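Trainee: Take a look at the letters that make up each chain.
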Amino acid sequence: MAVNDAIVGWKTITWGCHVLEPGNSAEFRTGDWRSQRPVVDKEKCIKCGMCWIFCPDMAYSQDDEGYYEADMEYCKGCGICAHECPKDAITMVAEEG
Amino acid sequence: MKEVRLHGRGGQGGVTSAELVAIAAIDEGKYAQAFPSFGPERRGAPVAAFIRVSDEKIRTREKVYTPDIVLVLDPALPSLVDVAAGLRDDGIVILNTHLTEAEVRKEFGLKCKLAMVDATKIAIEVLGLPITNTTMLGALLKATGIVSQSHLEEALDRRFGRIAEKNKKALQRAFDETVVAA
Amino acid sequence: MARRVGVEVSIAIAEAVKLAKAEVIPAYPITPQTHIVEHLSEIVANGELDAEFIPVESEHAAMSACCGSSAAGARTFTSSSSQGLSLMSEVLYIPPAMRLPIVNVVANRAMSAPISIWNDHQDIMVQRDTGWIQTFAENGQEAVDLTLHAFRVAEDRRVSLPIIVNIDGFTLSHVIEPIELPDQEAVDAYIPPFKPRYKLDPRKPISMGPVGIPEVYTEAKVAQDNIIKNSKKVIVKAWKEFAEQFGREYNPVETYRTDDAEIMLVTMGSISETAMTAVDKMRDAGQKVGLVRIRLWRPFPGPEFRKAAGKAKVLAVIDRTLPPGALCGPVGAELRSLFYKIPGSPKIFSFVAGLGGRDVTVARFEEIVEKAKKYAKKRPKELYEVIGVREK
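Protein chains in written order, with the working numbering: chain A, 1 to 97; chain B, 98 to 279; chain C, 280 to 671.
Heads up, a few of these hints could be off.
List time: in silico SDA-like cross-link candidates among lysine to any residue, alpha-carbon distance up to 25 Å [unchecked claim]:
id	chain 1	residue 1	chain 2	residue 2
1	A	K11	C	A612
2	B	K239	B	L174
3	C	K508	A	G9
4	C	K657	C	A612
5	A	K11	C	P484
6	B	K160	C	G635
7	A	K11	C	I506
8	C	K508	A	H18
9	C	K560	B	D186
10	C	K500	A	V3
11	C	K483	A	A26
12	C	K508	A	A26
13	B	K99	C	A564
14	B	K99	C	R562
To be clear about the criterion: a stretch of chain B counts as covered by chain C if any three or more of its residues have a C-beta under 8 Å from a C-beta of chain C, and this derived list gives those stretches [claimed, not checked]:
id	segment
15	122 to 131
16	148 to 158
To give an idea of the chain B side of the interface with chain C (calculated C-beta under 7 Å), a few residues [claimed, not checked]:
id	residue
17	A119
18	F135
19	D165
These aren't lab readings, by the way, just hints derived from the structure by calculation. A quick note: this is a predicted structure, and the numbers were derived from the prediction, not measured. Glycine residues also receive a C-beta, built at the ideal position from the N, C-alpha and C atoms.
All chains, full assembly: derive it from the sequences and hints.
Mentor: Right under this line is the structure:
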């Protein structure tokens, strides 16, 4: 028998294919895509927040001291933060096996 | 059903004339259609428009090929266009011309029933412009009675507003001066 | 009280849109649709209609703005034609799939090249499979009535699909004829306020138009196909209610003098009235000829058509488009599918007429019937024939 790889039925698919629950992208854990992770050197960091602005997955948040740190549940290791950091405070480090 | 073909030139208001006749007929409770010979509007080029007036619902949308009435707004058109093409045996051609009946028959070779008026002269004198569309409606009324003058004047009032009076005056003069020749 | 007026059909359609209280009108002018949107922009500018008229930079933008305004919950109208409709094409697929009930009056016109501003059905047949409900009007009154009906049906939650009302360019759009314009109270009673099931609202966010991965896309399209097929019940019921409210009856398929007809002409749009005159003339000459007019083109009313025309011996189907390289025109092909291998079904002969403004006259319909009679005795070589074409 042929495999049916459909994940939803035509009778149960949402009205107009709309996504009816807002913010459900949070359920999508992109952290397991990561082969490199960003490491912040707090000596160099000036807390400017550029990493937070540029992160495409909104993985960065500010800690109590005002430093920025990426949530590894969502950080997919793209390296944009490291590229944009004006102080070269972020280094991409290989994830170990 | 009466079918009318109207010959004019782009910019002379032939389409407006056709519309006014149809609107007047519809206001009288009759059925009517008016439509231009569709195309790019080019000022000065010979154009045609069509009218149908009937007591019953009109169920055709082809062009008018066998008119009962032909209305010609421009004096030079009969030498450019076969204005009598397809005219029914008892049909009439209504011309804007300063020529006499004999001259018209000789010049344009027309053997049909004719009605004639010098609409350009009237339009220049009354409206100050050689635009004969509303003037020639007076000739149409006189020669055919296809619609009532009162309904046509009401349609003119609605269309032209404050300049309607002048147009009605031109129409009346054409009505009075039109000569019908069998 | 309804008013009977002598008015250009385009102006009457604009008045119908005003009566329907459209709220957003993104539109771009194109011959022969121009008078519709011109008049609407005047109506909005002088305050007769409380709507947003968006003079967009192209038809692509017009339909994009329509999607936005309909998604935000506004009653949305636009109108186009020919090359303009084709420029909309990329966006036309979106509102049916996203269930956005936009009403679009298309003044049907040929496609370039050669450049033609005149009437045929090429423009809409190019967009046949976009998923819009599609109706064809045969006179000015029907153009007005189908426009009102379109708002009512499109916004019904059981349907929630966009509708294209087809009116023949020039041969309808530019004709002055008597039209009864209904009064506001009657239209208000017929078209309730637009209450979309879902809309874009920051207080209750949803996402419209997400990616459909291969594991979802087929199901999304099957759902869409079922929605438009099921819309026929609502379309027909809304016509019944239209008759109760306004006294004019409409059906998906209409017949004219078909009772004992052996040959039936099949038409869509404004040539149907000329065809009726042709049928009368042929009936007077003792020929058993009738006419079947398709008003609802999508969803195609198969059972209704079979009921209307199934007893004919011969169907002479007239298409207003010549799809190059195809087996025959789209209406001919549809009907051949409908009757395929059904025992006792009529012989179908497909004709193409009235391309790019060529007049379809009473005499042409007589010619088509003569040809159909001949072909019924001796099968023609080709699956379609172009009528009135000159060879040399």
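Trainee: Each hint: holds or not?
Mentor: Quick rundown of the hints versus the structure:
Between A:K11 and C:A612, the direct Cα distance comes to roughly 30 Å. Violation of the 25 Å bound is thereby established for this hinted pair. Restraint check: the Cα-Cα separation between B:K239 and B:L174 comes to about 21 Å, which is no more than 25 Å; the hinted pair holds. Between C:K508 and A:G9 the CA atoms are separated by roughly 18 Å; this keeps the pair inside 25 Å, and the hint holds. Simply put, C:K657 and C:A612 have alpha-carbon atoms about 20 Å apart, close enough for the 25 Å limit, and the pair holds.
Proposed proximity of A:K11 and C:P484 is supported: the alpha carbons are some 24 Å apart, at most 25 Å. Of the supplied pair hints, the one linking B:K160 and C:G635 holds, its CA atoms being roughly 15 Å apart against a limit of 25 Å. This hinted pair checks out: A:K11 and C:I506 have alpha carbons roughly 10 Å apart, not beyond 25 Å. Straight-line distance between C-alpha atoms of C:K508 and A:H18 comes to about 21 Å, which keeps the hinted pair within the 25 Å bound.
Our distance criterion of 25 Å between C-alpha atoms is met by C:K560 and B:D186, whose separation comes to about 21 Å. Our distance criterion of 25 Å between C-alpha atoms is met by C:K500 and A:V3, whose separation comes to about 19 Å. Proposed proximity of C:K483 and A:A26 is supported: the alpha carbons are some 17 Å apart, at most 25 Å. Taking the CA atoms of C:K508 and A:A26, the gap is near 37 Å; set against the 25 Å cutoff, the hint is violated.
The straight-line distance between the Cα atoms of B:K99 and C:A564 is roughly 23 Å, inside the 25 Å bound, and the hint therefore holds. At most 25 Å may separate the alpha-carbon atoms for a hinted pair to count; B:K99 and C:R562 meet this at roughly 23 Å. Remark: the segment 122 to 131 of chain B is confirmed as covered by chain C, as 7 of its residues place a Cβ nearer than 8 Å to a Cβ of that chain, reaching the required three. Counting residues of the segment 148 to 158 of chain B whose CB lies closer than 8 Å to any CB of chain C gives 4, which reaches the minimum of 3, so the coverage claim holds.
At its closest, the beta carbon of B:A119 sits 5 Å from a beta carbon of chain C; the interface hint therefore holds under the 7 Å criterion. This hint holds: B:F135 has a C-beta 4 Å from the nearest C-beta of chain C, less than the 7 Å allowed. Interface hint at B:D165: violated, since its Cβ lies 17 Å from the closest Cβ of chain C, which is beyond the 7 Å cut-off.
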